[in-house]
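Asks: Listed below are the residues making up each chain.
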Amino acid sequence: NAGVTQTPKFQVLKTGQSMTLQCAQDMNHEYMSWYRQDPGMGLRLIHYSVGAGITDQGEVPNGYNVSRSTTEDFPLRLLSAAPSQTSVYFCASRILGGHNEQYFGPGTRLTVT
Amino acid sequence: GENVEQHPSTLSVQEGDSAVIKCTYSDSASNYFPWYKQELGKGPQLIIDIRSNVGEKKDQRIAVTLNKTAKHFSLHITETQPEDSAVYFCAASRRAGNMLTFGGGTRLMVKP
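Going down the list, the protein sequences come from chains A and B. The number in my numbering is simply the position in the first sequence, starting from 1, with 59 added. The number in my numbering is simply the position in the second sequence, starting from 1, with 455 added.
Derived by calculation from the structure, the hints in this document are not laboratory data. Accuracy of the hints is not assured; some may be wrong.
[To be verified] DSS-like mimics (lysine-lysine), calculated; alpha carbons at most 25 Å apart, straight line:
| # | chain 1 | residue 1 | chain 2 | residue 2 |
| --- | --- | --- | --- | --- |
| 1 | B | K477 | B | K526 |
| 2 | A | K68 | B | K497 |
| 3 | B | K492 | B | K477 |
| 4 | B | K526 | B | K566 |
| 5 | B | K497 | B | K526 |
| 6 | A | K68 | B | K492 |
Quick caveat: nothing in here was measured; it's all calculated off a predicted structure.
Start from the sequences, fold in the hints, and give me the full structure.
Replies: Printed below as a string of structure tokens:
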């Protein structure tokens, strides 16, 4: 199993540009989520999904959109990038129900100038 | 919502010494407390977790303790090794909840 994969690894955007961060998992996990990591602030949940066709907002959803058309994929869209979205983004997945280990991807480092 | 505070933000120890990282949480309904280790350039990885029905859990050189009354939990690493150097995150979650709330992280440096 490849686990959780993310692309790209690095990205530089200009203010106002749009892009999609890709996330895929091959563990057949129902639950997938996106976090952003900023210095001193830990990981903050952006959006999550409990299955195909179902998404919900996390702690910091503004400026981000998600969709879940398949179990495997959970892309994160920035429609109009802002410097405040400069961060490292992590996708994670786990089995739904109870308290199960979350598996994180390697991250995408995004810089918005 | 839940708020998790983590201290210290950085910790430097000599190889072989013990390291302790502490977290407090605000939501008394939280009942699951995992700890993640993040090595440079990688995503976080679960190293140990504890549920609110136990007070302590050990796995070789690492242990976690939980005090539900005071709403705090701690990670203990004994006989530290250079490969323990990383950023450690605590987190908390409600019963059957879908969201983990993370602490701000602790950068642990183990000096050889």
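Asks: Against which earlier hints does the structure fall short, listed by number upward?
Replies: Hint check: 4 and 5 fail, others pass.
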